[in-house]
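From just these sequences and the hints, can you work out the full model?
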Amino acid sequence: MQFPYLSVLIFTPLAAAVILLLLPNRQARLIRAIALTASALVLGLSAALFFISSPVVDGYRFIEKIDWLPELGISYHVGVDGFSLPLLLLAGLVAFSGVLVSWNVQDRPREFFSFFMFLVASVLGVFSSLDLFQLFFFFELAVFPKYLMIVMWGSPQTREYGGMKLTLYLFLGSVVALVGVFALYFGSGLNTFDMLALEKAGLPLAFQQIWFPVIFIGFAVLAGIFPFYSWAPDGHVAAPTAVSMLLAGVEMKVGAFAALRIGIELLPQGAQHWAWLILLLGTINVVYGALLAMAQKDLKYVIGYSSVSHMGLVLIGFAALNQQGLLGAGLQMFSHGVMTALFFAVVGMVYDRTHTRDIGQLGGLARFMPLAAFGFIVSGLVSMGMPGFSGFVAEIPIYLGAWRVAPWVAVVSAVSIVITAAYILLVVRRVFFGEVPQSLSALEDIHTRDKLVVLMLSLVMIAVGLLPGLISAGISDGVNRILQLLGGSL
Amino acid sequence: MLNFLEAHSLSILLFTPALAALAVMLLPARRIKLLRWFALAASLLPLGLSVYLWLRFDPALDPRLAFQFEEWLPWFPAIGSSYHLGLDGLSLPMVALTCLLTPLAILASFKIETHLRGYLALFLLLETGILGVFMALDLLLFFVFWEIGLVPMYFLINQWGGANRNYASLKFIIFTMGGSLGLLLAIQLIGLNAGSFDMLNLFRNFGSLDLSVFGLTSAAVKTIAFWAFVIAFAVKVPVWPFHTWLPDAHTEAPTAGSMILAGVLLKLGAYGFLRLVLPLFPQESARFAPALAALAAAAIIFGALAAAGQKDLKKLVAYSSVNHMGFVMLGVAAVASAVGGDAAAVQSSRIAASGAVLQMVNHGLSSAGMFFLVGVLYDRAHTRQLDEFGGLYALLPAYGTVFIFVSMASLGLPGLNGFISELLVVVGAWPLLSAYVAAAMIGLIFTGTYILKGIRQVLHGPLNLRWRGVLTEMSAREWAVILPLMALMLLLGIWPSWLLDLINRAVMFWF
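For the protein sequence lines, the chains are W and D, in the order given.
Residues in the first sequence are numbered consecutively from 1, following this note's numbering.
Residues in the second sequence are numbered consecutively from 1001, following this note's numbering.
From the derived model, a few chain D residues whose C-beta atoms are all more than 10 Å from chain W:
{"id": "1", "residue": "1036"}
{"id": "2", "residue": "1219"}
{"id": "3", "residue": "1283"}
{"id": "4", "residue": "1291"}
{"id": "5", "residue": "1405"}
{"id": "6", "residue": "1509"}
Label pairs and their calculated CB-CB ranges:
{"id": "7", "chain 1": "W", "residue 1": "438", "chain 2": "D", "residue 2": "1491", "range": "55 to 65 Å"}
{"id": "8", "chain 1": "D", "residue 1": "1006", "chain 2": "W", "residue 2": "484", "range": "43 to 53 Å"}
{"id": "9", "chain 1": "W", "residue 1": "276", "chain 2": "D", "residue 2": "1025", "range": "42 to 52 Å"}
{"id": "10", "chain 1": "W", "residue 1": "443", "chain 2": "D", "residue 2": "1111", "range": "22 to 32 Å"}
To be clear, the hints were calculated from the coordinates, so they are not data collected in a lab.
Even for Gly, the Cβ is constructed at its ideal location relative to N, Cα and C.
Right, dumping it as structure tokens:
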């Protein structure tokens, strides 16, 4: 039997989460050491899987399957393909970075790092699930740690509101999706939650057309689909830095990923029927999200709304249902995850030192923290889709895919490139350059740990931008599998 | 090892400045002298390489068949884009011009001390971006470099610029990015339908490519794509009425930034017309040649009039770029109008095309020189207002002589470089676009007006006494910047054929 790589990957943070809860809160150093070790293992293992996995192998690999409740057809079943491997790596990068930037959490570090590890385990579990029930289990595993982390460690002004809003939105979305999942289970008549079996179920067209929007939009709420996006900025802003990074960087991809895996892969004809709707909603996300971001005065809200805009591109890529669109969506999920994690990390570093996120009260910070400014600028350039950075190589295939099915989507959403450039450059200038307000004299530079985070995430985005083949080859292979499900003809 | 260098000479030239920029960032920020000399030395490497390429370039090869020093590697195979570089007689002079102006611009920046390390690194990155545009033979790669150069230029203006730099830098980047949106969309559409972004493939197959979309015919879409390309490049050139970002950007940019901006960045737009618009859209070019010619004539006339109306010396020079680049555009229009024409038309347009390419080089030299001289004066006087100067020739005879020399080159005095290229454009374009050329000739009168106005208000008239003892002659370093430019202006003025032969062969590319 093969070494259970994926189980080790998923259960490392889960075990760490449980162990942490058993430690006394006084042992802050031990707690941090355990969290750092666990997240480093996750990063190392996800990177190893990413690099040892040959991109030419078709289909799922590292598969493990153990029957759990055979009467109902539920099993513990994991496996990854070219599409999910980069997402595991993304989760590893963000988990490791999140622990590093949260090093100085003083308030109940045991619970903080334990809940964070639960979140990490949850996203890793979703990305590697091949069983619907299990996927849902991991999907819901995140709900309580997410809520508790926002209300306990979030920014005092809005954490009650933001945490509650986020939880209710996501809860409603997942309940709707759960109804769809049960419909799928009973509709298929196969008495199994095994996704590989359900792929071949050959569900009737009418069934697919009815249930696709329920499942896709239910999950896509977590991806911030219009009009169910407003939890995202409020929730991200209220959350503590590491949680914002994980929520916007990885959790939104969890929503998109589940919508793809279950909505599109299991109901391909439903997806073809409803593609126009997803294209429309995605385009609204892209343009309206960018306009909303432009109107913000709070630095963290700018980033929050920019995520809404960028996730719209992922939805467009999905709904194009062709090679280019899906490839671009996969690249964009990775690129946006790294980008927004770095954005939120830098915003956190700024806030920790200035105690404000009001753009009007900030200025000249590059003088005190040049590397933080560098990280923000790199993220900004990725966000603008500047060539040479990962955002460009992700957006181009999405646009190509959109041209093939709905050219107006490409034309309309291209407007967001200029809007994004304008608001990003304005924010960069106001926050990091110009005069330093008197209230901010003599700030400390960011810590070496923070510098490590900034450098690591920036280099990943530049490397992918210069050499897209690093991850596009694997994603292409994952895309080919999805295209076969869609009938190959597209 | 040597084989590797031979096979990748373009890549080495392209990435040397970027690697130098990285190295600069690793040097200690406080060692100002070390940083300066290191950056200068590093920028001389590409210059040496470009001379080597020039010597190895075989002008006898038919440009329609082969680019030289070609390199090809898969870059983004999933969407059919590759890392494809190559040079021909059109791009080689542009590469050489870029490699020449960058060390001169760095030498001109020796007074800069604030955040010097970042400044030099951005300059070197900018060089890589510009060189990439001239070398790229893949449409997507072309766009990558086209946009990537905006970032260092934005920060150069925004961080080291004048008082109104925030406005100017944002206007610069938003105008250019906004102008390039249509280009980006058109490139996507073309690449998708052709299945590849390779320019050499597109040059061969573009005519038969079906681009129909939105229920429009392929021909209609190609017309729209033509205008998308034209607008993107016209903003960069800049052609009237897309030029308004230019005076702002120049006024606020540091001296060396203006030298590169006027010297090479504007050439990117003209190069786009020559490299992409004319070969890809011959029919559309022919159809809209009168419109291009009208825009060119407008640029020549309005650019000159606007320059003549300025009170700020740097703005005067900035508007003169609009005027001079108008001649490049006139040459482009002449080629456009001759496509599919008879032998005589082709013959005329070849002359105009050679003139246009030569004018790109000449304007690169003279505008960089003029902006440098403005900077020399500003460094000492801290003002650029023309009415505060006057009579400086008495105080600074050597500077005055250089100023007159470079102004005359810019004016197009016979014996200096600008004369030949403008003459070639006018002679070549006359039989094809007589009315527009006639209008442009009127603009030439205003060119004389603003150049003489600049000379008179700075050098002649009553001396403003407050400058006595304040203004000093140029230093050895400053001479080292201007002398190579002057030497080339003179050389091209009296013996242009060494460059013109190369260009004459290269322009066969369009016919």
